[in-house]
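Student: Heads up: the sequence lines are chains A and B, in that order. Residue numbering for the first sequence follows my numbering, starting at 1305 and increasing by one per position. Residue numbering for the second sequence follows my numbering, starting at 1305 and increasing by one per position.
Please note that a few of the clues may not be correct.
No copy labels: a pair is met if it fits in one copy or bridges any two.
To be verified - With a Cα cut of at most 20 Å, we get these calculated DMTMM-like pairs of lysine to aspartate or glutamate:
(1) Lys1315 - Glu1624
(2) Lys1562 - Glu1311
(3) Lys1315 - Asp1421
(4) Lys1315 - Glu1441
(5) Lys1657 - Asp1450
(6) Lys1600 - Asp1553
(7) Lys1562 - Asp1306
(8) Lys1445 - Glu1666
(9) Lys1445 - Asp1421
(10) Lys1600 - Asp1697
For the record, the hints were derived by calculation from the structure and aren't laboratory data.
There are 2 protein chains.
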Amino acid sequence: MDYQFAERVNKLRSSAIREILQVTEMPDVISLAGGLPAEELFPIAEIQAAVNQVLEQGEAAASLQYGPTEGYLPLRRQIAGIMQERGVSCSSEEILITSGSQQSLDLLGRVFLNHGDTVLVENPTYLGALQAFEVFEPRFKAVPTDDEGMVPEALERAIIEYSPKLVYLVPTFQNPTGRSMNRERRWAVAEILRRYQVVLVEDDPYSALRFEGEELPCIKSIENDRVIYLSTFSKTVVPGFRVGWMVGDPRVIGSMAKCKQGADLHTNSLVQHILARYLQETDSPAHVARIKAEYKRRKDAMLTALAREFPPEVTWSLPEGGMFLWVQLPEGVDTGLLLAEAIAEKVAFVPGKAFFVGEGGENTMRLNYSNSSPELINEGIRRLARLIKPHLDVA
Amino acid sequence: MDYQFAERVNKLRSSAIREILQVTEMPDVISLAGGLPAEELFPIAEIQAAVNQVLEQGEAAASLQYGPTEGYLPLRRQIAGIMQERGVSCSSEEILITSGSQQSLDLLGRVFLNHGDTVLVENPTYLGALQAFEVFEPRFKAVPTDDEGMVPEALERAIIEYSPKLVYLVPTFQNPTGRSMNRERRWAVAEILRRYQVVLVEDDPYSALRFEGEELPCIKSIENDRVIYLSTFSKTVVPGFRVGWMVGDPRVIGSMAKCKQGADLHTNSLVQHILARYLQETDSPAHVARIKAEYKRRKDAMLTALAREFPPEVTWSLPEGGMFLWVQLPEGVDTGLLLAEAIAEKVAFVPGKAFFVGEGGENTMRLNYSNSSPELINEGIRRLARLIKPHLDVA
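The task is simple: from the sequences and hints, build the whole structure.
Tutor: As structure tokens, then:
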């Protein structure tokens, strides 16, 4: 039988990365490709204690029953506390719990994007956001971005030219580059949002994972009204729970909840109860500190290996937190071709092109350091360096 | 600040039911309105044992890490076993695990529905399906339906007239009516699907909850190629896990998985591991038998109370399973007005109109019997009867 799929399905971004990740999950490949947290650091015992408390006490039935679309109220209150620490005062009516940040992005697309609406993005940008939004068939326009993040003057010009419905940014330890927008630009962006009445989606999964350098304020803390803020427990607790959150104007959150009801009714009740218990009963900041110390060790191992092994024509970002690092090779080197050779040598990365809107990025790659030991990172970089050198002679 | 939402948001079905449910969740209201399973029957101890096994053994890290979009393979294999018992042979490539049946419906909308495509539905039909699909702006056309389910001749005429993209049916213990499509019609529908090459979505959350009468085959077991089958663990284990599944052609499942990646990456890993353990370690059929025995007791209590209390002009369905029963009052009675009086008397139901496409249903109501004790059901029906009588004198 022939199936007639909707037009949007045929337009979906290729699942190239998904296929790469499947290849690289073979056990003997050193994968610097994925975006997985270090599972050796998962707080398994603390989670087990929290589950047993939930299931042994009065909340067991509620933790297994249908629940409110907006999310479990005690967890929303705890998230309000987390937001306070990030400089944002909000009530639980301004918080929607989602089935991970990916769902937050999907709901944003549903609520805001008509066919043909413009979304302004960094270039490169987070691929998952492009995948979530493109179901609603917007136009993506890339705004020039450098080592200090999106360029405010370029953002202003793009707003004037395209009248975007949304601006999408990952200002801190961006995926894929690991770069952060500097302090001055955050204020400049907030001012531009106010001036042009534009809505910014500030996607912030990584800022809690700063292991060096000076704290930067989230843009939501500078300009509350025009920013919808997303974050998640995936990097600070565990990703398998699929619990994220969104903070915005109650009218926005109300529309999101209405759409979420049609999308999945509500987020898993049990893990919301587990998270609320976990945050209450354990020293969660101490756990995050352990994650940061280990990621810094792995990032330093990668930087050391890159400096030692990679040719001088190659440059890379210097992340102060998060999970990724961005490598730029000389023009003419095609990291897509390089990947095929790398897989043959049992090492993997993600070619940078997938993160770009439009042309560009053929000579870039994303490296992940959170999910490999320093020893494996060392060996992986050594193998990559060996493969890169012949490409440089040709390029 | 003014927010410009997408057009689809303004067209979303009113959240009337959600608001009703919020009112009726006040502790002293006898709610026959919701669609909640009996939480007294939740297998809490067995779930706790399963969680502890998952977290104490080799699979702990995997159960907390990112996982495959298609779902946890051991659970997909167990679902293949469940499908075998339902008369459907399928491999794990034909199974997608979803974040509850509501997400299955959302993904079906994404993959199949262009703006303006027609979906044929029963009348009344499951409200959650209308909510999931309407984001993609199809036309809904109602096909005449009686006590034995959708009328095959009417379905054939509607297919010829509207060339629908999908037909959506809940053939067994339908929500909202509790009615089932009879055996002959299932074969007739399968034949029509073959003749006109139409795709049927068979939504089957309830068939495992048959407490009397003869088993009916699912339509997927009669016509495999043209049926996408949905089911869930919400009614047989617990709804708070938000785990459902979809069975279809591998091409359909592949497109669904691609869309699911953009929607929420994958379903909660921990509960998939818990479910796989639970199904392996516990006598899950014995647990379902306990649920069925209790729901039959509650259904019988409701039927007895209805026969004793309700005036002879009122009729109702006689469900052989599931969670709902459908009441038809004389024409001219408006159950929307009745609800306001009922809430004042601390009893609640869902007015039937919300389940209809287009006009009709003002004189109907959905009653739920799964979530109240026989004593409360008795008292609730007594209060409703008292409120209904004056409406009949007027009508």
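Student: The structure should be examined with respect to each hint, and the outcome stated for every one.
Tutor: Evaluation of the provided hints:
For a Cα distance limit of 20 Å, the shortest separation of Lys1315 from Glu1624 qualifies neither inside one copy, at 36 Å, nor across copies, at 45 Å. In this assembly of identical chains, Lys1562 and Glu1311 lie within 20 Å of each other by CA distance solely across copies; the values are 14 Å between and 25 Å within a copy. Proximity of Lys1315 to Asp1421 under the C-alpha cut-off of 20 Å is found in both arrangements, the shortest distances being 16 Å within a copy and 18 Å between copies. For the identical chains of this complex, Lys1315 and Glu1441 are neighbours both inside a copy (9 Å) and across copies (18 Å), given an alpha-carbon limit of 20 Å.
In this assembly of identical chains, Lys1657 and Asp1450 lie within 20 Å of each other by CA distance solely inside one copy; the values are 16 Å within and 56 Å between copies. When the C-alpha separation of Lys1600 and Asp1553 is checked against a cutoff of 20 Å, the pair qualifies neither within a copy, at 36 Å, nor between copies, at 46 Å. Taking the shortest alpha-carbon separations for Lys1562 and Asp1306, only the inter-copy value of 18 Å comes in at or below 20 Å, while the best intra-copy value is 34 Å. For the identical chains of this complex, Lys1445 and Glu1666 are intra-copy neighbours only, at 19 Å inside a copy versus 49 Å across copies, given an alpha-carbon limit of 20 Å.
With identical chains, the CA atoms of Lys1445 and Asp1421 are at most 20 Å apart within one copy only, with a shortest distance of 10 Å there and 30 Å across copies. In this assembly of identical chains, Lys1600 and Asp1697 lie within 20 Å of each other by CA distance neither inside one copy nor across copies; the values are 33 Å within and 78 Å between.
Going through the hint list in order, the structure does not satisfy hints 1, 6, 10.
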